[in-house]
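The chain contents come next:
2 protein chains.
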Amino acid sequence: MIDQPRLQGDKIVISVDAMGGDAGPGVVVSGMAESATKNPDIRFILHGPEEALRKLVARRRILAGRVSFRDVADVVTMDDKPSHVMRNGKSTSMWSTLEAVRKGEAHGAVSCGNTGALMALSMLCLRKLPGVSRPAIAVLWPSRNVQGFNVMLDVGADVRADAQDLLQYALMGASYARNGMNLKRPRIGLLNVGTEQHKGRAELKQAHALISRFADQANFDFVGFVEGRDIPGNVADVIVTDGFTGNVAVKTGEGTASLVSELLRESFRHSLLSRMASVLAITSLLRLKKRIDPSRVNGGVFLGLNGTVVKSHGGADATGVSSAIKLAFQLAQSGFSERLAARVASTASLTEDAQAAPDTADKKNQKNEGEQKA
Amino acid sequence: MIDQPRLQGDKIVISVDAMGGDAGPGVVVSGMAESATKNPDIRFILHGPEEALRKLVARRRILAGRVSFRDVADVVTMDDKPSHVMRNGKSTSMWSTLEAVRKGEAHGAVSCGNTGALMALSMLCLRKLPGVSRPAIAVLWPSRNVQGFNVMLDVGADVRADAQDLLQYALMGASYARNGMNLKRPRIGLLNVGTEQHKGRAELKQAHALISRFADQANFDFVGFVEGRDIPGNVADVIVTDGFTGNVAVKTGEGTASLVSELLRESFRHSLLSRMASVLAITSLLRLKKRIDPSRVNGGVFLGLNGTVVKSHGGADATGVSSAIKLAFQLAQSGFSERLAARVASTASLTEDAQAAPDTADKKNQKNEGEQKA
Chain S
1 MIDQPRLQGD
11 KIVISVDAMG
21 GDAGPGVVVS
31 GMAESATKNP
41 DIRFILHGPE
51 EALRKLVARR
61 RILAGRVSFR
71 DVADVVTMDD
81 KPSHVMRNGK
91 STSMWSTLEA
101 VRKGEAHGAV
111 SCGNTGALMA
121 LSMLCLRKLP
131 GVSRPAIAVL
141 WPSRNVQGFN
151 VMLDVGADVR
161 ADAQDLLQYA
171 LMGASYARNG
181 MNLKRPRIGL
191 LNVGTEQHKG
201 RAELKQAHAL
211 ISRFADQANF
221 DFVGFVEGRD
231 IPGNVADVIV
241 TDGFTGNVAV
251 KTGEGTASLV
261 SELLRESFRH
271 SLLSRMASVL
281 AITSLLRLKK
291 RIDPSRVNGG
301 VFLGLNGTVV
311 KSHGGADATG
321 VSSAIKLAFQ
331 LAQSGFSERL
341 AARVASTASL
351 TEDAQAAPDT
361 ADKKNQKNEG
371 EQKA
Chain Z
1 MIDQPRLQGD
11 KIVISVDAMG
21 GDAGPGVVVS
31 GMAESATKNP
41 DIRFILHGPE
51 EALRKLVARR
61 RILAGRVSFR
71 DVADVVTMDD
81 KPSHVMRNGK
91 STSMWSTLEA
101 VRKGEAHGAV
111 SCGNTGALMA
121 LSMLCLRKLP
131 GVSRPAIAVL
141 WPSRNVQGFN
151 VMLDVGADVR
161 ADAQDLLQYA
171 LMGASYARNG
181 MNLKRPRIGL
191 LNVGTEQHKG
201 RAELKQAHAL
211 ISRFADQANF
221 DFVGFVEGRD
231 IPGNVADVIV
241 TDGFTGNVAV
251 KTGEGTASLV
261 SELLRESFRH
271 SLLSRMASVL
281 AITSLLRLKK
291 RIDPSRVNGG
301 VFLGLNGTVV
311 KSHGGADATG
321 VSSAIKLAFQ
331 LAQSGFSERL
341 AARVASTASL
351 TEDAQAAPDT
361 ADKKNQKNEG
371 EQKA
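Top line first, the protein sequences correspond to chains S and Z.
1 is the number of the first residue of the first sequence in this note's numbering; add one for each residue after it.
1 is the number of the first residue of the second sequence in this note's numbering; add one for each residue after it.
Treat the hints with care, as some may be off.
Label-pair restraints from in silico Cβ distances [unchecked claim]:
#1 S:Thr-283 to Z:Asp-71: 56 to 66 angstroms
#2 Z:Gln-197 to S:Gln-197: 33 to 43 angstroms
#3 Z:Asn-234 to S:Gly-24: 47 to 57 angstroms
#4 S:Ser-212 to Z:Ile-62: 13 to 23 angstroms
#5 Z:Arg-185 to S:Asp-41: 31 to 41 angstroms
#6 S:Gly-148 to Z:His-84: 33 to 43 angstroms
#7 Z:Ala-209 to S:Gly-104: 45 to 55 angstroms
#8 Z:Gly-24 to S:Arg-144: 25 to 35 angstroms
#9 Z:His-84 to S:Pro-130: 43 to 53 angstroms
#10 S:Gly-24 to Z:Glu-203: 31 to 41 angstroms
#11 Z:Ser-91 to S:Gly-224: 23 to 33 angstroms
#12 Z:Thr-319 to S:Leu-273: 21 to 31 angstroms
A few chain Z residues that face chain S, going by a derived Cβ cut-off under 8 angstroms, partial list only [what the hints assert, rightly or not]:
#13 Thr-77
#14 Arg-102
#15 Val-159
#16 Asp-162
#17 Ala-163
#18 Gln-164
#19 Gly-255
#20 Leu-259
#21 Leu-264
#22 Ser-267
#23 Thr-283
#24 Arg-287
If you're looking for bench data, these hints aren't it; they were derived computationally from the structure.
Computed from a predicted structure; not experimentally measured.
The beta carbon of each residue, even a glycine, is placed where N, CA and C say it ideally should be.
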């Protein structure tokens, strides 16, 4: 019933934008090499100035015979406005990276470039899924949950979202949690300033009603309103919010975690005794770092497009790039994009049914519970 | 020129709501005792069921002769809606706490109760300052700045704010930073999803223009748009945002910091060696805790009212309550409320001037730089 990835064979091909990250193409190629070491089934198409890229790739034996190149001269910079990129972006490495997915040459795309431009070009090149009005960016967030992470979306595709958009985010986030984290029945929370039903903005109250109506047929649990402290918490697996709030929350969390690590390092440098303690404590500290290191959970996934696009952090190091590539690989391998398309299409028709006959639609499809993964 | 606090003498009187916190009045009285130990000039008016409160206070020798009581039977609970409290709240300990400030019996009020109810009753009892359309709640936030903290507002007085409100938040936040953190010329940042001028919502672009126009005459530096990661950063001393975003950001930061501490504790419990390391590392860890412990920076200050109100965290322990009381004490001692009133009044007239003649108003009052503290 669900389409398989368009390319056959055991190899998964990831289309990688070599340009646009803060640290340049060297770090991107290092990240590819890390991924290739861990994963024999991965192949790459690399986009950017071919001559320079061939030299970087040649230094990594593990990449030999696993990379093909697309020579592209232009680059989208961090300062380019999305509107400018929409008009002039087709000659860039970013566009070329996306086009390889559109043409079916690659199973997914990864770029460290400018988020706004990448979203604008992704919408232009890959088009939105039928039934989706606003695509969203989803990130994984270290949390107290068993799986160690929560999904949060939207974290910045669009600064606004109405109730209907928030419902779509809930559906897409639930699909992502099922495929990316293997949760059969993810718990969805709607971000607000309090958990009480009377709190927050009008569109949130509408979204609350809409999402709770679709919980059963879309096979998730709706836990209602959640607060900022639940983003790293264990009451929900998926946190739904508009792109403005989500973006601020993600960056606040990153900033707080990095301040705490910095102060921790400082406090261990404070005296001779504390330096000795830090030597003994080093494995404990590394264990902690592994758990909360943003570069290990690097990668915002664009949801709601015809194809998988992963946005790696602009300041990502090789481990960060590798982790974004791994995410694109996993999603490609699970056929996530096709499953999500099927899910959104079926829910879009249910939404129409529900609007026509609100009482009966709620009971529809409940028997499918647990059978579908998308 | 600036009014002194209404009560004379060297003693500062803080009006304390004994009820409404998660842990009950015992913790509130312990917090008062901690404050009284550190501060010989503090006196209290305590509101709640007098008989029970007298017993709690009698156990603390340091409080002998320093507390007067107001016997009040009713309590605002965490579940009470602000609208319900507006109609029925006048018989509660919360109302009585505020009324002591309104009547001039106390220099400031502290409550651990329901935030929405406390703001609603504060507006009803103390009234907004002339020229303020929406009061705001400001918190201190651990940061990389020299002073160790940033101010952020609004963190939840109101879920919406237009450009004019954001300007008022900037003015009030600047005053608070001058009085609370002794910064002559605070740096103000406006929270957005990126630092580029074209990003974000329409009202933020308007607010950007408004705030930068008033920076000089209101004696602050406007650093423009800042991001979530700048909230614990060092590019701005005051972060201005609407109450929805601010509330989510504060709670996300709290949640992240507490997750990191928890994982840190876990990783030190992991093996015998790491337990030994933690014994050696204990001073380093306590040093860190002291720096980021939310209970040491406990207290949201309500800005824009005729009087000082500090909201202590509902789950605050004695140290948290004591820190909220200390904040109310410091603000009362500096005559902050009166200075802020003067500042807002003068700016309100400047705003009117500026709207009438935009070009000339900008230069006005620049010579006052550094002379006024409000």
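Each hint tested on the structure:
no.: 1; hint: S:Thr-283 to Z:Asp-71: 56 to 66 angstroms; in the structure: holds (58 angstroms)
no.: 2; hint: Z:Gln-197 to S:Gln-197: 33 to 43 angstroms; in the structure: holds (38 angstroms)
no.: 3; hint: Z:Asn-234 to S:Gly-24: 47 to 57 angstroms; in the structure: violated (27 angstroms)
no.: 4; hint: S:Ser-212 to Z:Ile-62: 13 to 23 angstroms; in the structure: violated (52 angstroms)
no.: 5; hint: Z:Arg-185 to S:Asp-41: 31 to 41 angstroms; in the structure: violated (59 angstroms)
no.: 6; hint: S:Gly-148 to Z:His-84: 33 to 43 angstroms; in the structure: holds (41 angstroms)
no.: 7; hint: Z:Ala-209 to S:Gly-104: 45 to 55 angstroms; in the structure: holds (47 angstroms)
no.: 8; hint: Z:Gly-24 to S:Arg-144: 25 to 35 angstroms; in the structure: holds (27 angstroms)
no.: 9; hint: Z:His-84 to S:Pro-130: 43 to 53 angstroms; in the structure: holds (46 angstroms)
no.: 10; hint: S:Gly-24 to Z:Glu-203: 31 to 41 angstroms; in the structure: holds (37 angstroms)
no.: 11; hint: Z:Ser-91 to S:Gly-224: 23 to 33 angstroms; in the structure: holds (32 angstroms)
no.: 12; hint: Z:Thr-319 to S:Leu-273: 21 to 31 angstroms; in the structure: holds (26 angstroms)
no.: 13; hint: Thr-77; in the structure: violated (12 angstroms)
no.: 14; hint: Arg-102; in the structure: violated (27 angstroms)
no.: 15; hint: Val-159; in the structure: holds (5 angstroms)
no.: 16; hint: Asp-162; in the structure: violated (14 angstroms)
no.: 17; hint: Ala-163; in the structure: violated (16 angstroms)
no.: 18; hint: Gln-164; in the structure: violated (19 angstroms)
no.: 19; hint: Gly-255; in the structure: holds (4 angstroms)
no.: 20; hint: Leu-259; in the structure: holds (4 angstroms)
no.: 21; hint: Leu-264; in the structure: holds (5 angstroms)
no.: 22; hint: Ser-267; in the structure: holds (4 angstroms)
no.: 23; hint: Thr-283; in the structure: holds (6 angstroms)
no.: 24; hint: Arg-287; in the structure: holds (4 angstroms)
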